[in-house]
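Novice: Let the hints inform the model, and build the full structure from the sequences given.
So the protein lines, in turn, are chains R and Y.
Using our numbering, read the first sequence as starting at 1 and increasing by one per residue.
Using our numbering, read the second sequence as starting at 1 and increasing by one per residue.
Please note that a few of the clues may not be correct.
Pair by pair, the computed Cβ-Cβ distance ranges are [said to hold, decoys possible]:
1) G214(R) - A92(Y): 44 to 52 Å
2) K32(Y) - G174(R): 54 to 62 Å
3) P189(R) - N250(Y): 24 to 32 Å
Result set (SDA-like, lysine to any residue): computed pairs, CA atoms no more than 25 Å apart in a straight line [to be verified]:
4) K3(Y) - S85(R)
5) K3(R) - S173(Y)
6) K2(R) - F176(Y)
7) K3(R) - M184(Y)
8) K32(Y) - I116(R)
In short, the hints are calculated from the structure, not lab data.
Every residue, glycine too, gets a C-beta built ideally from N, C-alpha and C.
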Amino acid sequence: MKKMLSAPYIVFMIVFMIVPMGMVAYFAVTTADGSFTFDNLAAVSQYTNIFIRSVWLAAIATVVCLIIAYPLALVLARINVSYQSTVLMIVMLPMWMNFLLRTYAWMTILGNNGLINNFLGMFGIGPFRFLNTQGAVVLGMVYDYLPFMILPLYNVIVKIDKSVIDAAHDLGCGNFKTIVKVVMPLSMPGVMSGITMVFVPAISTFIISRMLGGGGNLLIGDLIEMQFLGNSYNPNLGAAMSLVLMVIVLLIMVILNQFDSDEDSVLM
Amino acid sequence: MKKLSKLYLVLVMLFLYAPIFVLIVFSFNTTKSHSVLSGFTLDWYVRLFNNRFIMNSVLNTIIVAVAASVLSTILGTAAAIGINNMKKLPRALVMNVTNMPIMNPEIVTGVSLMLLFVFFMARMKLEMGFVTLIIAHITFDVPYVILNVMPRFRQMNPNLYEAAQDLGCGPVSAFFKAVLPEIMPGIISGFLMAFTFSLDDFVVSYFTSGTTQTLPITIYSMTRRKVSPEINALSTIIFLVVVTVLVINNIIERRNMRKRGGAK
Numbered sequence: 001m002k003k004m005l006s007a008p009y010i011v012f013m014i015v016f017m018i019v020p021m022g023m024v025a026y027f028a029v030t031t032a033d034g035s036f037t038f039d040n041l042a043a044v045s046q047y048t049n050i051f052i053r054s055v056w057l058a059a060i061a062t063v064v065c066l067i068i069a070y071p072l073a074l075v076l077a078r079i080n081v082s083y084q085s086t087v088l089m090i091v092m093l094p095m096w097m098n099f100l101l102r103t104y105a106w107m108t109i110l111g112n113n114g115l116i117n118n119f120l121g122m123f124g125i126g127p128f129r130f131l132n133t134q135g136a137v138v139l140g141m142v143y144d145y146l147p148f149m150i151l152p153l154y155n156v157i158v159k160i161d162k163s164v165i166d167a168a169h170d171l172g173c174g175n176f177k178t179i180v181k182v183v184m185p186l187s188m189p190g191v192m193s194g195i196t197m198v199f200v201p202a203i204s205t206f207i208i209s210r211m212l213g214g215g216g217n218l219l220i221g222d223l224i225e226m227q228f229l230g231n232s233y234n235p236n237l238g239a240a241m242s243l244v245l246m247v248i249v250l251l252i253m254v255i256l257n258q259f260d261s262d263e264d265s266v267l268m
Numbered sequence: 001m002k003k004l005s006k007l008y009l010v011l012v013m014l015f016l017y018a019p020i021f022v023l024i025v026f027s028f029n030t031t032k033s034h035s036v037l038s039g040f041t042l043d044w045y046v047r048l049f050n051n052r053f054i055m056n057s058v059l060n061t062i063i064v065a066v067a068a069s070v071l072s073t074i075l076g077t078a079a080a081i082g083i084n085n086m087k088k089l090p091r092a093l094v095m096n097v098t099n100m101p102i103m104n105p106e107i108v109t110g111v112s113l114m115l116l117f118v119f120f121m122a123r124m125k126l127e128m129g130f131v132t133l134i135i136a137h138i139t140f141d142v143p144y145v146i147l148n149v150m151p152r153f154r155q156m157n158p159n160l161y162e163a164a165q166d167l168g169c170g171p172v173s174a175f176f177k178a179v180l181p182e183i184m185p186g187i188i189s190g191f192l193m194a195f196t197f198s199l200d201d202f203v204v205s206y207f208t209s210g211t212t213q214t215l216p217i218t219i220y221s222m223t224r225r226k227v228s229p230e231i232n233a234l235s236t237i238i239f240l241v242v243v244t245v246l247v248i249n250n251i252i253e254r255r256n257m258r259k260r261g262g263a264k
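Specialist: In structure tokens form, the structure reads like this:
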């Protein structure tokens, strides 16, 4: 009887989650008039360079996030407990600003008449082209998604048993060696979820690339958006692209999960 | 070592906050320039509040967020009760579907719903708007309600419901008197999460809104046109709202923690 309470939810999810996914798959393998074809999926291969660029830029942004966030998580976990939650709140606060506004902020800073170029101009240097470059896109991704890396890392590191760290010190490990040999392996689950939480939105964004990358640094997201709402209206091709994007994301998650369970078994 | 870590913390904070403060500072600038300060004005705020287009989209955002989060909370809480009483296999199956909207790239969720809506609405001569927006928001809101409520059942004494019935409650009043108070914190945090995600959502709304404008969509179209300090004024207000809410939340949390500490 109680099980029936979840029936409306199950029906809702079938109609608005499973069926739409099925429609993506269906559109990907049909033409506009509904006959079966592999042309859409084949056409996606014309955009291989954009797919490679998306994976590449998202990967760089993820690695940079990890490099910035890991030491920060270590620092946060060691702060005096009485004001730890306050410091954490201050670090996470920018995440609550809409990401469009945060990206827009960089647009005004990096522009040709922006703050940085204006500042350099006072010394007679520049103007440099910061905006509409791949570097700007990576910067935008790092800025927008850094909190998604900090939070899971912090959550894992703060829960590591202090006595394990003391034991490492007693057995002759220095601070650095303790971090590498004890804290890092124990924080692997946090690293993995941080990587997925940054990589997935980064590889599928179309806002950051459009606002900071100009027209010349299109990503998968831009391609998909253009097929549905842009000039080159073609939902069938767009569906095929979405399908490929989902496969890429799924593959990466499977690979990361592999790592995760390996680490667990090592610890056991 | 201590100094080094403090310096690092300050540097990252600077990176996170500098762009936001640049936005705020230039919201008071007399010219449209984003690099030269020429004088103080509140003009952009006046214009913002007189911009009926923006104010209208604020109203739309709130309507959609309230409707979607309330409906998700009801749907999700009922679902969590049902899932909790399922056998292992169907339960795992349903939980996998629940995780789908969270794991799926947002753009794919948006595009797939757009395909569904366009396909059926074209047949019924309807257009995308409030209804499609609310439905789309529920699909990504519900999982968060379920994931917040489910752990509450695990922490609850499983005999509580039977005990209430033994003591003379009917099935319905046993639920409302014994079970609901236990899972309430999960329901509230699920609702708040759903509400904030709805307020903040751009990608899914972008594909499912038709001509209805929510605030993030309006912000997006503003950044596509000429850069206007009205956005800066808007950013400043949003920033202040966020700071206020988080500070209040932090104070309440601290008070609760102290209470719990005192009880022990």
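Novice: With reference to the structure, classify each hint as holding or not holding.
Specialist: Taking the hints in turn, this is what the structure says about them:
Checked against the hint of 44 to 52 Å, the pair G214(R) and A92(Y) passes, with Cβ atoms roughly 46 Å apart. Range check, K32(Y) to G174(R): about 55 Å between beta-carbon atoms, so the 54 to 62 Å window is met. Evaluation of the 24 to 32 Å hint for P189(R) and N250(Y) yields a pass: the beta carbon distance comes to about 27 Å. At most 25 Å may separate the alpha-carbon atoms for a hinted pair to count; K3(Y) and S85(R) meet this at roughly 20 Å.
As the CA atoms of K3(R) and S173(Y) are separated by approximately 18 Å, the hinted pair is consistent with the 25 Å bound. For the given pair, K2(R) sits about 14 Å from F176(Y) by alpha-carbon distance, which is consistent with the 25 Å threshold. Proximity of K3(R) to M184(Y) is assessed by CA-CA distance (about 20 Å); at most 25 Å being required, the pair is judged to hold. Only pairs whose Cα atoms come within 25 Å are accepted, and K32(Y) paired with I116(R) is accepted, the gap being roughly 17 Å.
The structure fails none of the hints (numbered hints given earlier).
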